[in-house]
Structure formats: C-alpha cells, structure tokens
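**Q** Under full-length UniProt numbering, think of the first position of the sequence shown as 1, with each following residue one higher.
I should point out that these hints are in silico values taken from the structure, not numbers from a laboratory.
Think of the CB as a built atom: it goes at the ideal place given N, C-alpha and C, for glycine as much as any other residue.
Take the hints with a grain of salt, since some may be wrong.
Beta-carbon label-pair distances, calculated as ranges [unchecked claim]:
| id | residue 1 | residue 2 | range |
| --- | --- | --- | --- |
| 1 | D71 | R33 | 16 to 22 Å |
| 2 | L100 | D61 | 40 to 46 Å |
| 3 | D17 | R38 | 17 to 23 Å |
| 4 | M1 | H49 | 15 to 21 Å |
| 5 | C41 | R95 | 18 to 24 Å |
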Amino acid sequence: MTKVTVHPTGEVVEVRDGETIMGAFYRTGYAMRIGCKRGGCGFCKIDVHDGAFEYERPVSDEVVTPAEAADGVCLPCRAVPTGDMVVEFRENSLRLVNPLMRYMLSSKEVPARPSHLSTTV
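Kindly produce the complete structure, drawing on both the sequences and the hints.
**A** Listed below in structure tokens is the structure:
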C-alpha cells in the first residue's frame, strides 16, 4: 500500500489504490482546510517534497500554475499517489479530528470484546 508521510511531523497515512490524498486523510481520521473538493478552487494546495502523483481528472493551469506544478504544488482533492510521498500541508491546514479512528487504524491487535457486551439473550 502507498504511504504519504507528512513533513515535518512524520505522520504516515496509507493510501488505497486509486484513492486521492485527501480521501485517505479523511478516511483515517484527519480533516483539512478545503473549498470545492473538485480541483477548481486551489484552496487545499499542498507541497510535495518527494514522490509522484497523477490527477484523477485534469486540473486547470489557473488553479495550479505551471510554475507551481514545477515547484511541487498539488491538489490533494484530485491527486492520486503513484508511489510513496512526502508532503507538507500549508498554514496548519491539517488536523486530527478523530483520534480513536487513528488509533484503531494504527493498532495491530483487535481489542477483546468486553464481557459485559454479551451477544446471548
């Protein structure tokens, strides 16, 4: 599975095949500053430090200019990683909104069912 690492915190999120960066972060308990979620506003721009991606749909040169693209700017709402990546979110735009989900996804063990939650009637 492809991994996206957040610089400088080191947080790692696994991205499913064909999943956008934004989709993977939402699925794993994070939220980010967004606008349209369709690649039309550029509000969610992030900086790619390492790795590559493809856009699931074309992105206008007015939203991400050729100069920005050359500098590693991408739209996580449309970007699908083609391998492991290191990215940086702008202006503290990423936040953890569901710590329990994040814990459950990172845990290798399945917690035991509490005895008081019996399924027998």
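**Q** Confirm or reject each hint.
**A** Results for each hint:
Roughly 20 Å separates the CB atoms of D71 and R33, a value that falls within the hinted 16 to 22 Å. Distance hint for L100 and D61: a CB-CB separation of about 41 Å, consistent with the stated range 40 to 46 Å. Separation of D17 from R38 is about 21 Å and conforms to the stated range, judged on CB atoms against 17 to 23 Å. Under the hint 15 to 21 Å, the C-beta atoms of M1 and H49, about 20 Å apart, fit the expected range.
A hinted range of 18 to 24 Å holds for the C-beta pair C41 and R95, which are about 19 Å apart.
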